[in-house]
Structure formats: C-alpha cells, structure tokens
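Trainee: These are the residues of each chain, in order.
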Amino acid sequence: MTQRARNLSSAVMLMAAAVYWFIAAESFRPLSRIFPRVVAGVVFVAAAVLAVLTIIGYGPVIRMATGDAGERHLRSGTLMAALVLWTALIPLAGLLIASIVGVVVMGVITFRGHHGTVRAIAIALGSVVAFYLLFQIVLHVPFPLGVLG
Amino acid sequence: MEPMLLDALTGVLDPVSLVLIVLGVSAGIMVGALPGLTATMAIALLVPFTFGMSPIHGLVLLGAIYSGAIYGGSFSAILINTPGTPSAIATTFDGFPMAQKGEAYRAIVTATLASVFGGVVGVAFLIFLSPPLARASLSFGPPEYFWLAAFGLTIIAAVSPRSTLKGLIGGGIGLMISTIGIAPIEGSVRYNFGTVALQNGISLIPALIGFFCIPEVLRMVEESHSSGTVIPYKRQRNMVARVFHRLVRRPWLMVRSSVLGTVIGIIPGAGGNIAGLVSYNEAIRTSRNKSSFGTGTVDGVAAAESANNASVAGALIPMLTLGVPGAPPAAVLFGALLLQGMRPGPELFSAHGTITYAFLFSLILANLAMLPLGILLGRAVARLMQRVRVQTMAPLIIFLSMVGSYSIYNNVADIYTMVVVGLLAHALRKAGFMPGPIVLGLILGPIAEKGLSQSLLMARAGGSIGAVFFGRPIAIVLIVLTVASIAAPLVLQARERRGKGGTLKAVQELRHQRQEEAK
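Line by line, the protein sequences give chains Z and S. The opening position of the first sequence corresponds to residue 1 in this note's numbering, with each subsequent residue numbered one higher. The opening position of the second sequence corresponds to residue 150 in this note's numbering, with each subsequent residue numbered one higher.
Same shape as in the complex, but just chain S:
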C-alpha cells in the first residue's frame, strides 16, 4: 500500500478521529431527525468549530455530520410523516405507512441498513472515481472550465424543484453576486458600492451561512407549528437479522438504488431528494408487486434510503475533482476545504493526499457507525422529536451564525455580509428562488469568468473564437450536455402534458397524497 494511504489510514484510525466520527454521526442523526434543521445548516454552523482542529479532524467531523444528517432525516419521515431533511421525502411514502401498521422499528432498521449500504457503495465510487477524474481535469483548459460551469448552471436549473426558469434565474443571481470585487483578469474593482469591505468580493463562508441558515431560521419561526405526534415503537429481537436477510434477497434493488443515488449525486444541483425519488420510481417500475408501494413496503424504504445516502458521496465527486459541488452541503464543504488551504483538483489527491484519503476513509467509518448508532439512539431521537420545538433553537442558531461568520477572519464586516445575504435570501425564497441554485452560481461564477476571460485571450492570441470555444473535443461534449440539460426538462414537461408522465408522475401523485394526509 502507498505510504500516503497508510498515513491516511493512521490519521483516520487515531482515537480523536474515531471519537469525532461517533460525535459527528450522532449529532447529524439528531439534526437530520428534527424537521426544520438541515444538513447544510449543521455543516455551515460547524465549520467555525473546525478552525482550531487539524485539517483531517475538521473534515472528518464535517463528513460525519453530513452522512448522519442525511440518514437522520429518515426518522421523522417514518415516525411523523415529515421528512427531517429534503432527502427523506421518498422515505415517507412507505416508511410512515409501515409505522402506522405498527412496523416502525422494522422501517427504521430497513432505513438504517439501506443507508449504510448506500453510503458505503457511494464512498467506494468516490474513492475509485475521484483520483482518475481529478487527473482527467488536467486536460481541461479555460474553454472546458467555462463550459463545465455553464453545464453546472443549466443542470441546476433543470433539476430545480419548483421551476426551471426560477432555478436558472437563481443561478444568474449567484453569478451576479460572484462578480462583486476585484476582477480575475485586468483587476477592475467591481460593484463594491464605494465600500472597502466589498473590494475583495463577498466572503464565501459568511455568504453560505447567510444563505443556508438565516432563511431557515426565519421560516421555522414563521411557520411556528408543532412537529406532530411521534409514533412510538419498541425494539424487537432479531429485527436487524430479519431485515438484513430480506434485503440480501433484493441485491439488485440495493445495488441499483445505490448506484443511481451516486450518479444523481454527481449531477450539480440534484441532491438526495431527487436521488430518493428517482430510485423509488425505479423500484416501482421494476417491481413485480407494484401495488404494494405506498402501503408500507420494505423495498420502498430501502430504495429511497440507499439512494439518498449514496448521493452524499456522489455530490463530493465533482466537488473534490473539479470544484463543482453536487449539492448544497457539498458547497459548504467546498468552503471548508478552501479555508484549510486545499483547492479541489488533482493536487488534492497528491499534495494533500493524506488529508483527502483520510477524509474519504472516514466517510466509510461514518457510514458503518450509523448502524449501531442508529439502532441505539433511535428511541432517544424519537423522544427528542417529541419534546424539542425547533423554533426554540432560532436565537442560538443566529448567534452561532454570527460567531461562525466573524471567527474566520475576525472581521465584523463578515457578520454584516452574513446578515444582509441572509435577509436577501429570505426575500428571494419568498419569491420562489431557492438558495441552492444561487449558491452554486456563486461558486461557479469565478470558474466561469476565469474560463471565459482566458479563452478570449487565447482566441485573441491565435485561434478564432469559434475554434477555442467550439472546436475542442471535451468542450463539444460539455456543450452537448449543456444543451441536453436545457432540453430534457422541456421534453419531460411536454410528455407530462400529453399524459405520458409514467411512474414518476405516479410518485408525485403519491407524494401529494401523503402531504394532504399529513395536513
């Protein structure tokens, strides 16, 4: 084994890392289980706590929280019919009916085993795909990076949960914000409105905290309602073994859902919620017993949970290799990497290889830790959901947002940035523009601008603009993907209008029906 991998293993197996994994997964499960608190918010608030840690320990903790929170969302999906995180939407379809039938513990064990399996498969893809992809990124020049950013933005719009057009505009707003500060080429100071604070642009971490924490806090206070009645359950002997045997007899379901989750996680903007829904849809489509879905079947929970946890690692693949986050929590992790002085790309797997591989190995341990922790903490989490009103945490979340924004550079201006961005994000959310596309636009903006400007310089120096932008093989592939990502939702919408929506439409109807029941 290479010395770098051995060092990484040593780093992740040291007692502090192991304790951080247990703490991170436990905290993640609790955050994920409480509707209103999201994985992104938890990671954004925890980034400042990692400043004083070594890079390995900081990333291990954030990765454990991310994995734990996505899995934790299944608890509230099963026990109160409300997804704790958006990733657990599809889990409600069969998880809650199982709980209503008195099979809550069976549903939780299914979700746990499926999450562990999906998570480990996703991390395996991450470990084996990332280094060659990062090396492949060396063949990317400025035009390729420009088209990569364009593809990322169009795909964000295409998979936007509410409206493709609003997703596209959201990405554009993020791009506009990214142009504030000194230009990457020629150095003009842009849109700083005469203030020194904006001369270097918008600080990324305060902006991320503002986008993901403040609107959530305002929403949770606005929609001040109780979390609903938690269905009680008791642990049953041999349930883990019984569910395990049931899932072992469905290898294709588990493997397909996990691979789908990973692949969907890789697509920028398509997070665990889409992974869960598409995988659930595929489970229905390929099942011999289609009518059992929606009534409380183990297969439905397993398909949704293995996919959404696999998407965690999937979302990290483009982030670690190309600097394009696949999902909002990965965008915050991107900011955490930059703070540790690590830039995504091939260097991450060579110069910073020990830290990167330790982080990847820790994700496997975090997923394995979910099995005992999920089973042991399950009832405590249910009690927490019953007792804690997330609204009561609003002042503390805002305080931690301020402390987190300030402590990066010990600069009060970063608190102002966070608050202004947060209020802007709240107003935009009210108008239907979700933070995800805006943040991804903010991150992709510098990549796109640098690619565009350098490509224009290349064209000026020798080649024609057409040859530089449209004449290179990788650029052509990215252009085709960009066009396809714009066309695909239009085609799907047209098919739906003609009544050919297929099972995905059935899933949407089922979802709507569940929401009505929940009301």
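If we strip away everything but chain Z, and leave its shape as in the complex, we get:
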C-alpha cells in the first residue's frame, strides 16, 4: 500500500470512528457525553485535515521498512494469526498448553530460514515453562486451566 493510500484510508477510518463516537454519545447523560463529543470532534477535524493534505500532496510521509514487502507481510500476518490462535486456545486448553502450542507455532514462523530452529524453539519452550512455574509456585498466580484442564 502506498503512503498516500495509507494516509487516506486511516483518515477515512478515523473519521468514521469519530462519527460513531459522536452519535453513540446521544444515549449518555448530558455531562457524560460532552467530553467524548469534544474528542470525537477534534479527531474528526484532524483526520479531515490529514485527508485533505494527502489529497493535495502535502500528506505526512511515513518511513517504510526496507526489504521484501511480501515476506514482511507474510511474517507479520502469520504471526498475528498465531497470536489470535494462542489467545483463543487459553479458555479451552489453559494458559500452559495454549502457550506451548503458541510458542511452537510462533517459533516456526519467527525462526523460519534461520539456523538452529529446533534449538531456538526448545529454549523458548523451556523459558516459558520456567516462567509459568515461577509465577504459579513463587508468586501464587492461579493461571486458567481451561475446560480441558
């Protein structure tokens, strides 16, 4: 996506969010609705300025990361999906099992193409289990066990 498209799309989404924030405030009591409406107004105007500046060619420039864009998007996309999977597994399998699965999946994505993938994942898994036990045994944190736990 070009910088211009990023600026424009973010400006439009922010304007839409500001409009929602403003309209939804209608159901609040009078003093509770003033501040959200003021903030929504400021964000709407600032986002509109961003859109106009971008259209006339004076939009802020965002530094883009260097390297293969496709590879970068693949890495971050799969990592985000793994993060969502990891989170969704917690109520089902508990934090420990979900984290073991999450670390393995994330490790495969993160270490792909590097030397010593298995060793790196093993170290990450060992660290996760060690921290889990530290929190549970020493700091007495009752971690969720999940419906399967």
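Bear in mind the hints are in silico, worked out from the structure with no lab data behind them. It should be emphasised that the depicted structure is a prediction, and the values quoted were computed from it without experimental measurement. You may find that some hints are simply not true.
[Said to hold, decoys possible] To give a feel for the contact side, a few chain Z residues facing chain S, derived at Cβ under 8 Å:
(1) L31
(2) R75
(3) V118
[Stated by the list, open to error] Reference listing, derived: stretches of chain S covered by chain Z, where coverage requires no fewer than 3 residues with Cβ under 8 Å from a Cβ of chain Z:
(4) 548-557
(5) 601-611
Here a beta-carbon is modelled for each residue, glycine too, at the ideal position from N, C-alpha and C.
Chain Z is fixed; fit chain S onto it per the hints.
Mentor: Structure of chain S alone, referenced to chain Z:
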C-alpha cells in the same frame, strides 16, 4: 534529617534493594543494548514481577531497569551504529566514528561517565523540584487540570517524531479509548459494546503492555535482519581516569547537557531521543571546533549521553507531581504506582513519602552503579549483541505479555484486552501513528474529562464559563503554553522552509547521512 528520609534511606540501603539495583541496572543495560528491545517494553514486562514485592523493592527494580536501559542503548550506538533505544540516536553521530577509529572503549567510557553524571544531575533536580511542585499542584483546580491535560496533549503532538498532525490524532485516539467505561461524572456506561469486560474501561497495564510490546514484537519479526557486525574492543588501562579528566575540563558542556536533558524530559512526549538531539545540537552550536562533530569526538558522545540519562529523572517529575508522564517508560511506571495504591501528587511525598524518597534515592544508586557495571559488563554486552537475534525472543516476550496482563487481576479478559490493543497499535503504527502519543492520551483522558466536567459544574453553580476556564492565573499560563506548543512547530517548519533551520537541521542531515551509511 526527617525520620521519613531516614526510613527511605534505610529502605534503599537494605541488601535486597541493593541486589535489585545491581540486577535491574545489569538487565537494563542488556535490554537497552539489543536493538529492538526498548526500555518501555522491559519495564512493562517486569511490572508483574513486582506484584509480590514490597512497593519499595518493586519501584527500585523498575527505576534501575529504566536507567540501565537508557544507558545500555549507547553500546549498540557505538559498536554497531544502531541506537539500542531511541534515546541513543545522537550517540551514533560521534560514538560510531570513534569506534571505527579504534576508540570504541574510549567512547564507551565517555558514554558511561556522561550517563552517570547526567543521571545524577537529573535525579538531584527530581528530588529538589518534585516536593514543591507537588505542593503547588494543590492550587490546581478542575480548570487548571483540564488545561494541563490539553497542554500535555498539544506538546505531545508538537514533539511527535514523524508528524505533528499524526501526533495530535494519536493523542485523540488515546482520549477516545479513555472514554470507554463508566463516566467519572453522572456514571453513564459508555462504549462497552454490550460487554461486561469493558464496563470499567480499558485496564491500564494490559493496554500499556499491548501498546508497547506487541507492535515491537511484530516489527522485530517483520524486519528480520541481523544486528550487524559489532566492532570489537579491548579495555585499556587508565582510560576511565583519562576520559574523566577530559570531561572535567568541559564542565559547562556536561552541566548544560544534563540540565537540558532534565528540562526536555519534563516536557510530556519529549523523551531521551529529543533530549540527546537538542543537547548535541547545542554542543555543536557552542563549540569552537564545530567541524570535529560527526567525526568521532568525545564531546559529542558526552553531550548526547548526559542529556538522555538526565531525561529519565526529568520524565518522572511531572509524573510524580501531576500524574502526567513525561515519556512512555514513565507512563508504565505511572501504571505501576497505581497498582501499588499510590496516586501521583502531594500525597506521594507525605503519606507515601518513605516509598517515594526510597525510589528517588535508589535512582541515584542506580546511576552510580552504571559506572562499574557498564565497564565490567561492556564486553559481555558486546558478545550478547553479536550472538543474540532479538527475533528469537518474540515468543517469550508475547508469553510474558500475556502472563503480565493476566496476573494483575487474575482475569483472562485482560489478556484479550492486551492482544486486541496490541494488534490495533500495530495497525496504527503501520499508518504512522506511534504508540507514545496514544498512551499519553489514554492517561491524560481521565484528567482532562474530570477537569472539564467539574469546571462546567463550577460554571453552572456560580461563575460564567469564560471566568472559570479563562479567568484564573494558572489556567491563563497553561493556555498560553498550549497555544505556544501548537504554534512553535509551525514557526520552526516555516523557518526550515526559508532555509533558516540552523544547526538542528545540520544534525538532522548528519543523522540521515549516518543512516545511509548504516544501510
């Protein structure tokens, strides 16, 4: 000496506190030295570890990590021309050329001594300025707090590294998020989208972890590259004494940089990176040998490092006295204070005085500890930078983020909050909205809203709206500062367009040149 100060000294000099200072500074140096790992991330991840500690020990550890990480950024700036933390950007200008000339150890010793000096000066300001400022905050009423929050937000936008407009919008996004949950006045439940989890608003610590850890992890995996070749160095005898004598002959440079760093640290949103750049700029402007800057001069490293470490304490001054963090790591410390049941303001220096002063004294010890630890750990840190790919730490950082978010209230919903906020922050970062202004908006939102609502009630009860908002002396000063903070960047941009950018422009060009060389 007051009994409270004696108790604080006793608290900070107990063996556990001293061990925590050594551990915190050492860990901070390592985190700071690894590009991709930031001071804010380290503090956010460590907050949960402090739950089981006494408030003094918890704050001592977090303060030591903060100081150590800002100093640690100088190692990678000097040895691989990549700032380990944004605060060390200006250190690369002369630190790396010194390393290229075979003077890496000299540069590291300079950075160490300057960091210690800057850090101690900053903490001295913190100790002497905070109590009277906190007392002065008693004369702040709702209108003053409203304008203080407005000033904080405009200054955040003004000093935003990429774009003033995007900084302003970022602050607005933070304010919008802060309105989720029960309203402070009249109690309407707002924007909870029908979920009970959002009824009390967004939990601060999970949100902070989400904002500062998840986008960093995604970025470090996305930009999967090696940290570069580390320039090797050997320790040389008497180097500390030689650099010390050189710096002693530059008292004005050291004092000016440290004071500048502290003052810039106080300004919300202007962190160590701006402190380092402005101080470096001033060092060039006042030097008789301007051409030596950028080629590897001790003065350049000393100016940048004393300023960025002084900014650590500076950023804590508005946080401890007014509840307005000066920098993202201070925002996380703000969350840690709230978790310990301590609210910023005058009470911090009276009811919680022992804990607060112990924390402040521990910052002096942490800065002094950087001298031996920096020199002793230096080569180990260089080896760490050579061997560790920060990407391999991504799964562990995410696990610690989840554990940290969960263990505050033992609530799974906080993990969801952290993940959603983290993914949102990543998307916003891609669009050029940095987490710093958003988080400061999130923290300033409740202050601004309470100030606005109570001021309106005051106006309704007696005075006119104009008299309440624009007729009080402190409010007028804050309004002038707010307007100035909006106007200043516009004036500076206009000057730059007319080719009057001055030495700051030269610094920016130098920075650009270094980045090109690094590529």
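Trainee: Run every hint past the structure and note whether it holds.
Mentor: Hint check results:
1. The closest approach between the C-beta of L31 (chain Z) and any C-beta of chain S is roughly 5 Å, which is under the 8 Å cut-off, so the hint is satisfied.
2. Of the supplied interface hints, the one on R75 (chain Z) holds, with its beta-carbon coming within about 5 Å of a beta-carbon of chain S, less than 8 Å.
3. A distance limit of 8 Å between C-beta atoms decides the matter here; for V118 (chain Z) the minimum to chain S is near 12 Å, and the interface restraint is violated.
4. As drawn, the segment 548-557 of chain S meets chain Z at 6 residues by the rule of a beta-carbon pair under 8 Å; at three or more, the given contact holds.
5. Taking a C-beta to C-beta cut-off of 8 Å, the segment 601-611 of chain S contributes 4 residues in contact with chain Z, enough for the three needed, and the coverage statement holds.
Violation of the numbered hints given earlier is confined to hint 3; every other hint is satisfied by the structure.
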